[in-house]
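Spelled out, the chains give:
There are 2 protein chains.
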Amino acid sequence: MNIAYLRPPRGLRDYPPEIWGRIKYLGESFLELASLWGYREVEAPALEKLEILEKKAGPNVRDEIYWFKDKGGRELGLIFDYTVPLARYIAANPSLPKPIKWCYFGRVWRYDEPQAGRWREFWQFGVELIGSDKVDADAEVIALMVKCLEKVGVPEPKLMVCDRRLVMSALDTMGIDKSIRYEVLRVIDKKKKISPEEFRDMLAKLGLEGKADDISEFSSTLVPFNEAYEAASNYDNNIAVFFRELSEILNEYGVIEKVFLDCSIVRGLDYYTGLVFEAFCSGGDRLSRLAIGGGGRYDELIGLYRKPGVPATGFALGVDRIAMALTSREMNKVNIVNLYYMDKSFRGYAIMVAEQLRRNKIPVVLDFYSKSIRDSLKQADKRGYRFQIIIGRKEFGENKVTLKDLVEKTQETLTIEEAITRIRST
Amino acid sequence: MNIAYLRPPRGLRDYPPEIWGRIKYLGESFLELASLWGYREVEAPALEKLEILEKKAGPNVRDEIYWFKDKGGRELGLIFDYTVPLARYIAANPSLPKPIKWCYFGRVWRYDEPQAGRWREFWQFGVELIGSDKVDADAEVIALMVKCLEKVGVPEPKLMVCDRRLVMSALDTMGIDKSIRYEVLRVIDKKKKISPEEFRDMLAKLGLEGKADDISEFSSTLVPFNEAYEAASNYDNNIAVFFRELSEILNEYGVIEKVFLDCSIVRGLDYYTGLVFEAFCSGGDRLSRLAIGGGGRYDELIGLYRKPGVPATGFALGVDRIAMALTSREMNKVNIVNLYYMDKSFRGYAIMVAEQLRRNKIPVVLDFYSKSIRDSLKQADKRGYRFQIIIGRKEFGENKVTLKDLVEKTQETLTIEEAITRIRST
Chain S
0 MNIAYLRPPR
10 GLRDYPPEIW
20 GRIKYLGESF
30 LELASLWGYR
40 EVEAPALEKL
50 EILEKKAGPN
60 VRDEIYWFKD
70 KGGRELGLIF
80 DYTVPLARYI
90 AANPSLPKPI
100 KWCYFGRVWR
110 YDEPQAGRWR
120 EFWQFGVELI
130 GSDKVDADAE
140 VIALMVKCLE
150 KVGVPEPKLM
160 VCDRRLVMSA
170 LDTMGIDKSI
180 RYEVLRVIDK
190 KKKISPEEFR
200 DMLAKLGLEG
210 KADDISEFSS
220 TLVPFNEAYE
230 AASNYDNNIA
240 VFFRELSEIL
250 NEYGVIEKVF
260 LDCSIVRGLD
270 YYTGLVFEAF
280 CSGGDRLSRL
290 AIGGGGRYDE
300 LIGLYRKPGV
310 PATGFALGVD
320 RIAMALTSRE
330 MNKVNIVNLY
340 YMDKSFRGYA
350 IMVAEQLRRN
360 KIPVVLDFYS
370 KSIRDSLKQA
380 DKRGYRFQII
390 IGRKEFGENK
400 VTLKDLVEKT
410 QETLTIEEAI
420 TRIRST
Chain D
0 MNIAYLRPPR
10 GLRDYPPEIW
20 GRIKYLGESF
30 LELASLWGYR
40 EVEAPALEKL
50 EILEKKAGPN
60 VRDEIYWFKD
70 KGGRELGLIF
80 DYTVPLARYI
90 AANPSLPKPI
100 KWCYFGRVWR
110 YDEPQAGRWR
120 EFWQFGVELI
130 GSDKVDADAE
140 VIALMVKCLE
150 KVGVPEPKLM
160 VCDRRLVMSA
170 LDTMGIDKSI
180 RYEVLRVIDK
190 KKKISPEEFR
200 DMLAKLGLEG
210 KADDISEFSS
220 TLVPFNEAYE
230 AASNYDNNIA
240 VFFRELSEIL
250 NEYGVIEKVF
260 LDCSIVRGLD
270 YYTGLVFEAF
280 CSGGDRLSRL
290 AIGGGGRYDE
300 LIGLYRKPGV
310 PATGFALGVD
320 RIAMALTSRE
330 MNKVNIVNLY
340 YMDKSFRGYA
350 IMVAEQLRRN
360 KIPVVLDFYS
370 KSIRDSLKQA
380 DKRGYRFQII
390 IGRKEFGENK
400 VTLKDLVEKT
410 QETLTIEEAI
420 TRIRST
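As given, the protein sequences belong to chains S and D, one line each in that order.
The first sequence maps to residues 0 to 425 in numbering that gives the first Met the number 0.
The second sequence maps to residues 0 to 425 in numbering that gives the first Met the number 0.
For the record, the hints were derived by calculation from the structure and aren't laboratory data.
It is possible that part of the hints are untrue.
Copies of one chain are not kept apart here, so a pair can be met inside one copy or by any two copies together.
Said to hold, decoys possible - Below, simulated PhoX-like cross-link-like pairs (lysine-lysine); rule was C-alpha separation at most 25 Å, straight line:
| no. | residue 1 | residue 2 |
| --- | --- | --- |
| 1 | K97 | K381 |
| 2 | K191 | K393 |
| 3 | K393 | K70 |
| 4 | K70 | K54 |
| 5 | K204 | K48 |
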């Protein structure tokens, strides 16, 4: 039987409990941390007007997202990030007290070519800090990003930071014409993924053979962030001073050792106006080259929708990629009780026991489907449940239960209270 | 300035923290309860192949959902419930150990005409119990549904239950031709929303003038579920016996007083094969007429995708509608600390204090944007934060903080540990 049609649509995947459990665990861990920093959780509608998406991303966005006309002829697109719908909402509600501190965990869609670990539907956690242009705001989102990655145990997280204004100054210093700036940025953005020869070739196509060495030297700058002041002062003194202050605050947050100045980070041709950064982790070759998150300052995005604009900064983490990056720990038995009763006449008692366990926050599966104790134990084992409770005539008569711990391989007949204590102490 | 374009697409809405907080709180409360019953959380891709959606819902589904062709020419639709993608996954993975107990909280999309409280994108929580045809499975999902509604404080939840097999038997007894059965079901499904005259007219159009009294009498059956045995035995003795056993188990779960036999419940023209039910609550006139959730047994759905089929039952709750049904409680001040430092030289100390509070699970907003204490207090008040911490020269010098409780109107200068204890004791 051909069951190809039972697969999800191309580029999408299913989320059974083992896969979903990891994504959700990460997302909720990040949300919990962000809430302690005063960020409040929001959601966004999955669909936006195409003209809203184009305002930010340009008309080419049609090639890169899912879009269609609804039955009323409106052009709609599935959101490709949360920054756009949140910026639109903030533009529409100018009286919201600033700064706004919001966080989210949800999914977005992009019509990319599917690859291992890249899905057309994927999960993002992120924060937006809207309404402050201070270096303190940049420092806060960087520190929070590092702490998010540390919290869930990402191996050796590194934050690569640069500033769009520094790159622009450097290109000016080299005498590169403003008209081809964005083409040059695009080449720099690719630098890590291509060979030095390809890099030179791409610059040559822009008529910049003579500047290739300068551009290469600048974009190869990579130093611990507490040396960013010196490195930047060759190109732009204002940014150097800004970096020095940022570095001081990151030191106060205790995250400075994780942060580097990396002048190849420009974040594509996006809406960023100042600081930009990407997060990486150690691990497999492929993974350590893939950014697991990124962000930056986007002071002009909200103004695209409605004047006056509002300065803003934020980041997003790729939750699926982080799930891949974390060493898959040995699946432990899940702390669920499989409860089997040997005769229908014990059913009322079994339901009462289950309710009492649940009131004590112990997950219970009421096994009304197995035909024998043996069968029920086999089910518990197959599903990875840690505990089995059996209720037979003796247990029913004495108001007790027989509790098996399938890890410790113990078995005891206990009162319900004793069983609860035993299960909770494991 | 025309800002109509800054609204979300027609029929959709934004989710700022106050709105999203209520939806998320409900969804997570339901998930927590379901996990105690051994249901494991899953997600589903937002997009399905249109042919998968049509298998269940028929070609008319195109009029009722968002669908489009992707860039590869594939016809895709946004999911309108979770039952279809989960049934598809289970059909594709026949070796999963049965019964499967899954729950979910997420959003689905329908292209309805927007009305107050009805959105084209809305949030569902639900459970599916797949692989058992026993009355115990029906009883478990009904009991769990009632307990979900009770847990979050839905006012006087009521569960209206019927059985498709009983309705079919009753129509047979009345001598109604099998060929128009589904048309008659459709009329019964509308009964509560139309007048008795409209009801008779619709039946007359089916040539059933002579049976209108019988059909009306049957579908007006409404009794507490512990009397369902007697009421059903007039029409079908097997179902009467099934109801008696169901009633016994619901009694053992302690939910029987919330459950009623209501023979007008048939759940549209869906995939249900046995028990069907809908939940209602007391409250405003409009709300008490709107179902806040529904479910039933769908033994033939999975078999539509791949043989052999698998028996299944489950329910879904309309989380947005439940949010509406809950009396909006007086918004309390949120337990967030607004932390203001009076000079940049105290910044490092302020960050250290914030980190210490966060380690103790106290949410802190670091206020680096206000120009004065007065300003900072105004911000805290406007946002509904309960606490204000001020760090000035004296506090910095003595390793202390000044803590204001904006509800109790108190102010004290305390060590950090004392401040933590004070905040946590409120």
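Evaluated hints:
no. : hint          : verdict
1   : K97 <-> K381  : between (53 Å within a copy, 10 Å between copies)
2   : K191 <-> K393 : neither (70 Å within a copy, 51 Å between copies)
3   : K393 <-> K70  : neither (65 Å within a copy, 65 Å between copies)
4   : K70 <-> K54   : both (23 Å within a copy, 22 Å between copies)
5   : K204 <-> K48  : neither (37 Å within a copy, 43 Å between copies)
In summary, the structure is inconsistent with hints 2, 3, 5 from the numbered list given earlier, while agreeing with the others.
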